[in-house]
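Chemist: Sequence:
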Amino acid sequence: MTAIKKFLQLEAAAGLILLFTTLLALIVANSGLSVYYEMLIQIPAGIHIGELSINKPILLWVNDGLMAAFFFLVGLELKRELLEGHLAEPKNTFLPLFGAVGGMVIPALIYLVINYQDESNRIGWAIPAATDIAFALGILMLLGKQVPASLKVFLVTLAIIDDIGAIVIIALFYTQQLETAPLLISATCLMVLTLLNRKGVTDIPAYMFVGGILWVAVLKSGVHATLAGVLLAFFIPMRDQKKPEHSPVKQLESSLHSSVAFVILPLFAFANAGIDFRELTIDAISHPITVGIALGLLIGKPLGIMSMCYIATKLGIAKLPAEITWRHIFGASVLCGIGFTMSLFIGSLAFETTGSNIIVDERLGILMASLIAAIAGYTILKFAPAPQASDEQIAQEMDEKAHDSSAPPPPTNTTRAGHAMSMNVSQQAHTKMPRG
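Numbering of the sequence shown is given in UniProt numbering, commencing with residue 1 and proceeding in unit increments.
Calculated directly from the structure, the hints in this document are not laboratory data.
Check the hints yourself; a few may be wrong.
[To be verified] Each pair of labels, with its calculated beta carbon distance range: (1) Arg278 to Val168: 37 to 43 Å; (2) Asp203 to Ile47: 42 to 48 Å; (3) Thr188 to Ser258: 29 to 35 Å; (4) Pro57 to Pro244: 41 to 47 Å; (5) Trp326 to Gln42: 36 to 42 Å; (6) Ala45 to Lys319: 48 to 54 Å.
[Claimed, not checked] Each computed DSS-like pair below joins lysine-lysine, with the alpha-carbon atoms no more than 30 Å apart: (7) Lys145 to Lys382; (8) Lys250 to Lys199; (9) Lys314 to Lys145; (10) Lys91 to Lys319; (11) Lys250 to Lys91; (12) Lys319 to Lys145; (13) Lys56 to Lys220; (14) Lys319 to Lys382; (15) Lys145 to Lys250; (16) Lys242 to Lys314; (17) Lys243 to Lys199; (18) Lys91 to Lys145; (19) Lys242 to Lys199; (20) Lys314 to Lys91.
Glycine included, every Cβ here is placed at the ideal spot set by N, Cα and C.
Sequences and hints are given; from them, build the entire structure.
Modeler: So this is what it looks like as structure tokens:
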């Protein structure tokens, strides 16, 4: 089984587990158990080591602690893709790159237009800019061979670029008042990690120890603690200098993927998706935050992705793969309106101090839009005709691949997808990310 198939199957299963835990949270929150649900996520828990003390409710341990592991995995995936994967070839990124940019900018603009009058509402502008890769791929995998394999690769690549955008947004726009001493400790940790990487150290516990200190320092500094996970991932060596066939990044990625997909993200969904609909009002549904998020995800996402992909193809910057039609791109762009986990996470940062009424509005818009996007995207792709590549397109692709010594033999649909996500072991000299 190829790496892309394993990844897609894992993400599809994770999407189903996320759906189950979301429904479970909604059922519990709307039953007689709702009181116990609120008590559970608000149970205080703390760590005390000497003068160091960290006290948070379970909800924030999930959002600040466990989600750091999720972003650590995201960082590992980004490093692998940038150095040896699909994103190492710039030509493979142009179409999803343009789509991802449009899919972040247009939803944010729609939200801001709807909420421009209220300054306290405007802080949520980034919520509809996110995409939930697990849910989106889960829906796509339900369609099986009805959709081209290269469409799945397009969606994965777009989501990876979207994750990069989300990380930048969190770092730049959702950082609290900064504390100098923890920032200095964080900088020291980064220097130590740089030294470990440059010296070719592949001892994972050494990186994890420094990473733990980095997480605490970032948490105390006012920067969101999950960014420590991304930073740590970038310093994990891509290859063992003495044993080039061994990849610490891939080893960690493989060992973490199941835990993140089947434990951490479901726990996050359960802790954050419990909306009590028993007191739902028309005012809550028509609240500018709810409307802005819903329209941003449902209209802004497909509009932004489709328009930017169209512009990229018309300018000759990118082209559609031979077996993909615009209807496939449209269906995938609608599925990108499933914001869910990433939207909930950004929402928890944006409105964490503004009161529970705002939190309900934010989650309501995300859940409504994600449900509609899932159904609509599935329906569009379900009835999309299975396209056949023209002889001219196939000949053109084969001619291009003939000039690429790293390319596999003439592709079928399956081998195109496998090649798109295969590991290109050639080093990219211009890449500034620590390689090891």
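Chemist: Compare the structure with each hint and give your call.
Modeler: Results for each hint:
Restraint check, Arg278 to Val168: a C-beta distance of roughly 39 Å satisfies the suggested window 37 to 43 Å. Checked against the hint of 42 to 48 Å, the C-beta distance between Asp203 and Ile47 comes to roughly 25 Å, which is inconsistent with it. Range check, Thr188 to Ser258: about 33 Å between beta-carbon atoms, so the 29 to 35 Å window is met. Checked against the given bound of 41 to 47 Å, the beta carbons of Pro57 and Pro244, roughly 46 Å apart, stay inside it.
Against the hinted window of 36 to 42 Å, the Cβ-Cβ separation of Trp326 and Gln42 comes to about 48 Å, which falls outside the hint. At roughly 52 Å, the beta carbons of Ala45 and Lys319 sit within the given window of 48 to 54 Å. A threshold of 30 Å between alpha carbons decides the hint, and for Lys145 with Lys382 the separation of about 10 Å falls inside it, so the pair holds. Restraint check for Lys250 and Lys199: the C-alpha separation of about 19 Å stays at or below 30 Å, so the hint holds.
Annotation: proposed proximity of Lys314 to Lys145 holds, straight-line Cα distance about 29 Å (limit 30 Å). With a C-alpha separation of about 10 Å, the suggested pair Lys91 and Lys319 falls inside the 30 Å cut-off, and the hint holds. For the suggested pair Lys250 and Lys91, the alpha carbons sit about 24 Å apart, so the restraint of at most 30 Å is met. Taken as a hint, the Lys319 and Lys145 pair is honoured in the structure, with Cα atoms around 22 Å apart against an allowance of 30 Å.
For the hint pairing Lys56 with Lys220, the CA-to-CA distance comes to about 13 Å; that is within 30 Å, so the pair holds. Of the pairs offered as hints, the one joining Lys319 and Lys382 holds, with about 23 Å between alpha carbons and a cut-off of 30 Å not exceeded. The straight-line distance between the Cα atoms of Lys145 and Lys250 is roughly 28 Å, inside the 30 Å bound, and the hint therefore holds. Simply put, Lys242 and Lys314 have alpha-carbon atoms about 47 Å apart, too far for the 30 Å limit, and the pair is violated.
Note on Lys243 and Lys199: the hinted pairing holds, with a Cα-Cα distance of about 14 Å set against a maximum of 30 Å. Proximity of Lys91 to Lys145 is assessed by CA-CA distance (about 26 Å); at most 30 Å being required, the pair is judged to hold. Note on Lys242 and Lys199: the hinted pairing holds, with a Cα-Cα distance of about 12 Å set against a maximum of 30 Å. About 16 Å separates the Cα atoms of Lys314 and Lys91, which keeps this hinted pair within 30 Å; it holds.
Against the hints set out earlier in the document, violations occur for numbers 2, 5 and 16.
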